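J.: Sequence:
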Amino acid sequence: EGKSTIAELMCRLYEYEGDILIDDKNIEEVDICELRGQIGIVNQKPSIFANSIRFNLIFSNDNTHDQEIWKVLKLVGMDKVIELLPEGLDTQISASNMSLSGGQFQRLAIARAYLKNAAIMIFDESTSAIDGVTEDTIINSWYKLFEENTVIIIAHRLSTIMKCDRVAVLENGKIVACDTHEELLRTSETYKKLFDKQFIYINKEEKSYNERI
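For the sequence shown, the working numbering gives the first residue as -16, with consecutive numbering after it.
This list has only true hints and no planted wrong ones.
In silico DSS-like cross-links for lysine-lysine, where the CA-CA straight-line distance does not exceed 27 Å:
#1 Lys(-14) <-> Lys99
#2 Lys146 <-> Lys28
#3 Lys(-14) <-> Lys127
#4 Lys146 <-> Lys176
#5 Lys127 <-> Lys63
#6 Lys146 <-> Lys54
#7 Lys28 <-> Lys180
#8 Lys8 <-> Lys(-14)
#9 Lys99 <-> Lys54
#10 Lys127 <-> Lys28
#11 Lys57 <-> Lys127
#12 Lys99 <-> Lys57
#13 Lys54 <-> Lys127
#14 Lys146 <-> Lys157
#15 Lys175 <-> Lys157
#16 Lys157 <-> Lys(-14)
#17 Lys99 <-> Lys63
#18 Lys28 <-> Lys63
#19 Lys8 <-> Lys157
#20 Lys127 <-> Lys99
#21 Lys28 <-> Lys54
#22 Lys146 <-> Lys99
#23 Lys57 <-> Lys146
#24 Lys8 <-> Lys99
#25 Lys146 <-> Lys180
#26 Lys157 <-> Lys28
#27 Lys146 <-> Lys127
#28 Lys146 <-> Lys(-14)
Quick caveat, the hints were computed from the structure, so don't treat them as lab data. For clarity, every value in this text was computed on a predicted model and none was experimentally measured.
Please build the complete structure, drawing on both the sequences and the hints.
T.: Here it is in structure tokens:
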């Protein structure tokens, strides 16, 4: 508990006690519009606006950015999906529009974050509705696209965060360990239990699938 709350506190969505520092500067001292302009966040349930796909990606219907948009859509595996739509990027969507799946909405939100390219990128369970193959593609693209950015990944699925420079383990709303994946396996009983549990589950799923085929 508390993982998403930490991300929301960074954006100053709540009143809080204590200090939150970014580069040794208290975020209370930063203009709130400037602060949020430097943070890109992708939630588990992304915001979808009743407008075109293009508008949902760049908050404009200006088609001069289409080349860059298509490049990013390819990275998240959405280019072929949108190419098949009769109106392409001009296709009108909304939260109640069922022409796209939950996973496809999530990929659009990730593409929107890529296009914003903020200094701090927060991915909050942003691949939870995406299949494993697509997730791997997106995770690999994070490391290529955001070499100069600070990336914060919030996830229950440990495969999402294994390559991170630092992993913080939260238990009952408190950070109980923070280190690399390899070091946490050696020193954190909480992390090791989580990893072992997921590893056993993944192996069972793969075994069941192989038996079916």
